[in-house]
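From first to last, the protein sequence lines are chains A and B. Position 45 (the first sequence) corresponds to 45 in my numbering; numbering is contiguous. For my numbering, count along the second sequence from 1 and bump the result up by 67.
By construction, these hints were calculated from the structure, which means they are not laboratory data. Quick caveat: nothing in here was measured; it's all calculated off a predicted structure. Treat the hints with caution; some may be incorrect.
[Said to hold, decoys possible] With a straight-line cut-off of 25 Å between C-alpha atoms, the simulated SDA-like cross-links for lysine to any residue are:
| id | chain 1 | residue 1 | chain 2 | residue 2 |
| --- | --- | --- | --- | --- |
| 1 | A | 32 | A | 12 |
| 2 | A | 32 | B | 441 |
| 3 | A | 32 | B | 264 |
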Amino acid sequence: MTKIHVDLTQCQGYANCVVSAPDVFDLDDNGKVDVLRATVDDAHLTEVREAVRSCPAAALTLEETTP
Amino acid sequence: MTHVVIVGASLTGFRVAEGLRAESFTGDITLLGDEPHLPYDRPPLSKNVLTEEHPESTAFRDRSWFAEQGIGLRLNEPAHALDTATRTIRTASGSVRYDELVIATGAHARNPFPDPPAGVFTLRTVDDANNIRTALRTGAHLVIVGAGFIGLEVASSARRLGVDVTVVELEPVPLARSVGTDAARILADIARAAGVRLLCGRTVTEVCGETEVTAVQLDDGTTLACDVLVVGIGASPATDWLAGSDVTVTRAGVICDETGRAGDHIWAAGDVAAWTDDTGRPHRHEHWTSATEQAKVVAHNLACDDKRTVTATPYVWSDQFGRRIDIIGDTTGHDALCVLSREPDTLAYLYARDGRLTGACLIGQPRLMISCRRWIGRRTPLTDVDVWDDCSH
Numbered sequence: 001m002t003k004i005h006v007d008l009t010q011c012q013g014y015a016n017c018v019v020s021a022p023d024v025f026d027l028d029d030n031g032k033v034d035v036l037r038a039t040v041d042d043a044h045l046t047e048v049r050e051a052v053r054s055c056p057a058a059a060l061t062l063e064e065t066t067p
Numbered sequence: 068m069t070h071v072v073i074v075g076a077s078l079t080g081f082r083v084a085e086g087l088r089a090e091s092f093t094g095d096i097t098l099l100g101d102e103p104h105l106p107y108d109r110p111p112l113s114k115n116v117l118t119e120e121h122p123e124s125t126a127f128r129d130r131s132w133f134a135e136q137g138i139g140l141r142l143n144e145p146a147h148a149l150d151t152a153t154r155t156i157r158t159a160s161g162s163v164r165y166d167e168l169v170i171a172t173g174a175h176a177r178n179p180f181p182d183p184p185a186g187v188f189t190l191r192t193v194d195d196a197n198n199i200r201t202a203l204r205t206g207a208h209l210v211i212v213g214a215g216f217i218g219l220e221v222a223s224s225a226r227r228l229g230v231d232v233t234v235v236e237l238e239p240v241p242l243a244r245s246v247g248t249d250a251a252r253i254l255a256d257i258a259r260a261a262g263v264r265l266l267c268g269r270t271v272t273e274v275c276g277e278t279e280v281t282a283v284q285l286d287d288g289t290t291l292a293c294d295v296l297v298v299g300i301g302a303s304p305a306t307d308w309l310a311g312s313d314v315t316v317t318r319a320g321v322i323c324d325e326t327g328r329a330g331d332h333i334w335a336a337g338d339v340a341a342w343t344d345d346t347g348r349p350h351r352h353e354h355w356t357s358a359t360e361q362a363k364v365v366a367h368n369l370a371c372d373d374k375r376t377v378t379a380t381p382y383v384w385s386d387q388f389g390r391r392i393d394i395i396g397d398t399t400g401h402d403a404l405c406v407l408s409r410e411p412d413t414l415a416y417l418y419a420r421d422g423r424l425t426g427a428c429l430i431g432q433p434r435l436m437i438s439c440r441r442w443i444g445r446r447t448p449l450t451d452v453d454v455w456d457d458c459s460h
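Build out the structure end to end from the sequences listed, making use of the hints.
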């Protein structure tokens, strides 16, 4: 299982994560990241990893735990 | 085992190395850098690295991460020459043989003033930023040459520090080529409202001062007294070390096809690289997002049999005067313009060509920014851009 952690103090609302993984990330009205699902299923894992790497503010991290 | 050597250990080089491991590449990776520092991020250099007394390191990863990933890091080792026949890079302290080479040497800040007195800076490296921070004391008089993104971000940081700021810009309206003339006028007004003195249509002809800078002379005869001078007039691709090799280098940079390939077993990405775009012309992008996209594509193309191209819509941002400017796609060469807002806090200019949305310049519009990145990426017809009819054309 993979969990997404967000550091909202780091998030600058660049929305690169939303572009990379639109089913998983959105921006709220304040322009901060909104995680639509806190755990990532296998179907979204590749794009979520890409989303994490694409963040200019390094606001996203993944916690991967073995089931 | 394949040995990939990446020359240049900034954002692009780091991202290629990281991307290769993400693509399950199991060969050897060597990352050569000319600076003594661990690979670090540059956007903060014109912002909090200037304004904070003790800014945090902007290094992407610590040294142990590179060891864990099996990425050989050779810092403080600039490349001097390339021999493609023997696939050898000569460096300051020896040589390295490669199976695949990635050129990621970035660009050097242009400075037209040779042997300047103390107090004259360009901003490219963390050492530059630290030197500028030390020089920018409250009450100092700063002149900035060039009102591009770097110049205006430094102006913004300096105003925050209580520094007196004058910006000298060659063009009649700064950033006009980046965001369009009309939107650029509003950005210039934002800078002026923050107390920046903006002198447009002017150039600096002489830097005055024996040991330390005391003033600059402008082309109209004006003299501006200053203690600090920052030159932000762009950067040239760092290709000196490729002279005499058979890599194709023009003023545009290292010429690459649309997959990042620059020759046999040679790839290039980031600020040094001129990638062929969908119009068939080589074009050098000098932006964080395009560097990461190109790095990702090169890593994939090195590790995998299928060859990819960059598909992401260009996205550039600039943080200045308490606002973030988002620039999406291409804001030049439009045949239709749509203005949703001229307000500095909610600025929204959309650009179209041949009936399709091609670019946008926005401030404080998170939802519209995401929509524009999608619309422009999909070359959406204006009839499907729901906000287009809401604006003044």
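Going through the hints against the structure:
1. 32(A) x 12(A): holds (7 Å)
2. 32(A) x 441(B): holds (18 Å)
3. 32(A) x 264(B): Measuring from Cα to Cα gives roughly 33 Å; hence the hint is violated.
In summary, the structure is inconsistent with hint 3 from the numbered list given earlier, while agreeing with all the others.
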